[in-house]
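These protein sequences, in sequence, are chains U and W.
In this text, residue positions in the first sequence follow our numbering: the first is 1, and each later residue adds one.
In this text, residue positions in the second sequence follow our numbering: the first is 1, and each later residue adds one.
Just so you know, the hints here were simulated from the structure itself, not pulled from any lab data.
Just to be clear, a hint being listed does not mean it is correct.
Stated by the list, open to error - Interface residues of chain U toward chain W, partial, derived using beta-carbon atoms under 10 Å:
| no. | residue |
| --- | --- |
| 1 | Tyr141 |
| 2 | Ser148 |
| 3 | Leu160 |
| 4 | Ala333 |
| 5 | Asp350 |
| 6 | Glu385 |
| 7 | Glu397 |
| 8 | Ser611 |
Stated by the list, open to error - Okay, derived cross-link-like pairs now, EDC-like style, lysine to aspartate or glutamate, Cα gap no bigger than 16 Å in a straight line:
| no. | chain 1 | residue 1 | chain 2 | residue 2 |
| --- | --- | --- | --- | --- |
| 9 | W | Lys33 | U | Glu652 |
| 10 | W | Lys160 | U | Glu779 |
| 11 | U | Lys220 | W | Glu46 |
| 12 | W | Lys68 | U | Asp322 |
| 13 | U | Lys44 | W | Asp41 |
| 14 | U | Lys646 | W | Asp41 |
| 15 | U | Lys663 | U | Asp322 |
| 16 | U | Lys597 | U | Asp540 |
| 17 | W | Lys33 | U | Asp619 |
| 18 | U | Lys220 | U | Glu258 |
| 19 | W | Lys56 | W | Asp41 |
| 20 | W | Lys160 | U | Glu774 |
Heads up, the beta-carbon is just placed ideally off N, CA and C, and yes, glycines get one too.
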Amino acid sequence: MKRILSVFLLLILVSVAAFAESGVHTYNQAVSVFPTTWNPFQTKTAVDSGLMDFLNTSMYTFDFNEDLDGYVQEPLAAADFPVDVTDQYVGDTWGIEAGETGRAWKIPLRSDLRWEDGTEIHAADFVYSAEKLLSPEAQNYRANTYYSSNLVIVNAEAYLKQGQVGQVSFNNVMDAEKIEEMQAFLDRFAAEKGWINWAASYGDTYDFASQKWTGAAEDKVVETPLTVPELYAFFTEGAGAEFCTWADAAQKLEWAGEELYINYMLFPDAITFDQVGFLATGEDELTLILAKKLTGFDLKYQLGGLFLVNRDLYEKTSSVKDGVFTSTYGTSAETTISWGPYCLSSFQSDKVYELTRNPNWFGFSDKEFEGQYETDVIRVRYVQEPSTQMEMFLNGELDTVGLDRDTIEDYATSDYTYYSEGDSVFAMAFNPDMDGLKHAQSVAGANINKTILTLKEFRMAMSLAMNRAEFCTAAIPMNQPAFALFGNQIVADPDEGVFYRDLDEAKQVVVKFWGLDDEIGDGKLYATTDDAVDAITGYDPEQAKQYFDKAYDLAIEKGLMKEGDTVQITVGTTNATSAFNNNGYDFIVNNYTEAVKGTKLEGKLTFTRDSTLGNGFADALRTSRVDMLFGVGWTGSTFDPFSLIKAYVTPEYQYDPAWDTTKAMLTLELDGVKYTANISTWYLAMTGNVVKVSKEDGTEAELDIRENQQDRIHVLCACENAILQNYDFIPMMGDSTAALKGMKVEYYLEDEVFPMGRGGIRYMTYNYDDAQWEAFVREQGGTLFYK
Amino acid sequence: MGKYVLKRIILMLFTFLVIISICFVLVKLLPNKPAQQFGRDMQLIEMRREALGYNKPLLEQYLIFVRKSLIGGDWGVSEVLYTGQDVWQKFIEKMPATVIVNAYTMLFSIPLGLLFGIYAALRKNRWQDHLISTLVIVFVSVPSYVYAFLVQYFLCFRLKWFPFQMAAGYDYLSFKTFISIVPAILSLGFGTIAGLTRYTRAELTEVLTSDFLLLARTKGLTRAQTTVRHAMRNAMVPIFPMILGEFIGIMGGSLIIEQIFGIPGVGPLYVASITAATPDYNFFMLLSAFYTFIGLASGIIVDISYGFIDPRIRMGSKKA
């Protein structure tokens, strides 16, 4: 029996053993989300993009600077930096006026670009890819890359959306048709049916047949039986206008242009691709003609993401059936072809993929890359369970593993633990909309109060009472408390590599928000601004109690609530299954229940939860279905916080529906002159627009700060301050991660340098090859010690 | 019998259509618009939705689904989970991994379940029976993923007898693959063995104490002969359909076990198709139709199997 068992075990060991190769360096990694589509036109997740990064070559890339403490931008697939050729394209064809700059750029390509099979790559391939990306029949997910960011290629959107009829607001149609007077617009479209955006209007819907309000909310643009002039009359002077008691006549006229729609073809049909500003001007020379000026860092950054697909493979893998375009390009090893440093040698769906070095990638024969890309094989396995990942890592089967709430304590101080800070700040978002809260309050029942949320004092109390550090520990231990709208990774001046939070002005925003601006200086609580910033915890239970009492008194005084009322806050979460949602909600309930003890709200602050919001969490807050969200925020735009401000100050993105940024005024001093404008206008000013502002003497002036980085940063700080001071979107935590690095590999740098991190695969080196590593693990008894 | 089977098949098809129709309506009622995101062009997304027919009236969408998928057999392309890929092909690609793990589990657990059940019944009220019954309660009560983690920890991590994950590749019948799925088989098998043991013991105990068994023994048959020839045959009447049901169920993947042992099967697909950022309609409907059909068909097969095991249960006989 023993002999049989021994033979069986030996057989197992033999079958399981993978004989490692000597001289080969394999980087083993596990992921808990597996890529499914790395077709560059369709990638939707970071995991898909992560795989794509190895298969593609960026036109321009980041590298460490000489001091290894910052970044530089370098050409990669491009032979050199782009050259401004705007003057060659002046004229109506491309809408460029004489004297303009930064509108047309020539990009010289490397002449040794190859697909993994050795086929040459030229400028025409990029043009072909752009045409396919923008193909109207494909409706590619990534098509907007060429028109909705700062890179706006002439006619890219028009080509994609040619002939599309959709609902367009009166204002946008007037802009497109160059109609200045509303009456002229109404006359022109008198026979058209009018549409109304119920999501933006009233918080109710009107039944035009019975001529009654239904009491039901709707969140879409709906066709009405009224003609355009009739609908306009309904909105500005009829039943709609009577219902809208919270706006004056002027506001109603203004809103009509935004909230009423017609069916309209925004882009004419029959646009050909040669009208799109994406040209091959030489065998290895691309020229891009832009609708919006783009220069400097941002130009190179945006050009980094030019798309390229292999013509033959793309044609072979694409089809149209029943009018629906589909493509399997980039969904398996067979439908993938690389022009990056690695090629996809095998791929098993939801299991494992392997990347091996691409022998035809120019970098491997270029001296500039000597000593880099030591990794021969990258093996990525799909291992969903963190505990399994950790066990595999300890057995030497993985070269890195992420730490989570179950493991961070054990490895927090390990020499092999590396922390990485993310670029997102997550917040608590409140809805202080009086009408919405009143409605929700009436639905919630007698003696329930929600309108206290309209008081800034109450929201300030909620902010000060939140123990952010404890929240992170309870909900997501990797994250760190956050005290401002933007985290430490946000770059304010990418050309110079200046991080926003390092700026003194940005630090002032933080200390001001936390009420420490008067505590800094000689003989005061903090000697320097940095000391004050470092001291912020965001948690002041005593001051919070004062604000809770103050809010309660104010609510009683204003008649918002009665003494016997209970405040009920409905917290929204995307689902009821995620640990973050559940632990976070539990923490919030306990935290605030404790926080109001000893205040006039003791025992009167309660929470309910709606955990069914899914993707609609933001809309749920905006429409007062819930009163509070937590852990929400915006990510991306790391190098462009100016654009990111849009997320906080425009109705389509901002969480608070009650904050009208076209009315919130801000006075700023630029070059010794004081200008006043609403926040919406300031946002436009710092994102490449010339705006009209008021001067101190009441006169109107045109303000152009497009080229003045200092002024843009000044406006950015002012906007951040205004958003924070509104206390409807309160910073809670910044995202960060921690991971263990295996003994087999070495990072290039110990400390992270944004955005290259510690060097990644490009700079990673090995202490052992595969065979040596296997022997080493065996020597250690099969399990490694990393604590 | 033929008439009965035909009647059941017609009823099955009707039930199938009703269930599928309900599934179709319910999944279409789920919120299906992607969340507004910074830099996302909602107009472009709307164009795609228009092309996919999501804006058509529900009835029209349903009729297209019936014509194209139910009748035409074209289940379409995944729009969310595996963008651009044919859902049927993806499903078929992933099915063998699920089937192989479940099939091995059945082959491993059915004989053991029967043996333990028989042994416990024969040793009724002795310590062996008590031990087996106690273990049965433990294994029936504890969910399989708990064993899964224990099996993985001890057999894969500590003892290193087996790999953590199922072997990569499509050679599902190789010895290497078999060895790599032993932990999964064990984890899935414990519950099945326990269930079958409990069931077999209960049925056999009842049969062993019946009068005809006593008569058989008094006729001079040995204990083994009465157990195998008479008791087991009678006890198998309810047990066999259970075993049959388990075999039919091998196509239904186990979400947790597949997740823990890296089995690239169909287990997580169903849940993922509706918990994705937006529902993957085509995947959801294919899986709903497939599993509804399998469930209904297995019901008929199990019912018919009763007649083969025990002639007394046969339907449609006019001689009765």
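How about U:Ser611: closest beta carbon in chain W under 10 Å, or not? 13 Å, violated
Under 10 Å, Cβ to Cβ, is where U:Ser148 needs to be relative to chain W, so tell me if that hint holds or is violated. Nearest chain W Cβ about 5 Å off; hint holds.
Have a go at the U:Ala333 hint: is there a Cβ in chain W nearer than 10 Å to its own Cβ? 12 Å, violated
Pair hint U:Lys597 and U:Asp540, alpha-carbon separation not exceeding 16 Å: Holds - the C-alpha atoms of U:Asp540 and U:Lys597 are around 14 Å apart, at most 16 Å.
Restraint check for U:Lys220 with W:Glu46, where alpha carbons must lie at most 16 Å apart: Distance of about 12 Å is within 16 Å: holds.
Have a go at the U:Glu397 hint: is there a Cβ in chain W nearer than 10 Å to its own Cβ? 7 Å, holds
For the pair supplied as a hint, U:Lys646 and W:Asp41, confirm whether the alpha-carbon distance does not exceed 16 Å. 14 Å, holds
CA of W:Lys56 to CA of W:Asp41, is that 16 Å or under? 21 Å, violated
Is the Cα-Cα distance between U:Lys220 and U:Glu258 16 Å or less? Given that 16 Å is the threshold and the Cα spacing comes to 14 Å, the pair holds.
Let's test the interface hint: is any C-beta of chain W closer than 10 Å to that of U:Glu385? 5 Å, holds
When you check the alpha-carbon spacing of U:Lys663 and U:Asp322, does it fall within 16 Å? 49 Å, violated
16 Å limit on alpha-carbon distance, applied to hinted pair W:Lys33 and U:Glu652: Holds - the C-alpha atoms of U:Glu652 and W:Lys33 are around 15 Å apart, at most 16 Å.
Figure legend: structure checked against the earlier numbered hints; hints not met, in rising order: 4, 8, 15 and 19.
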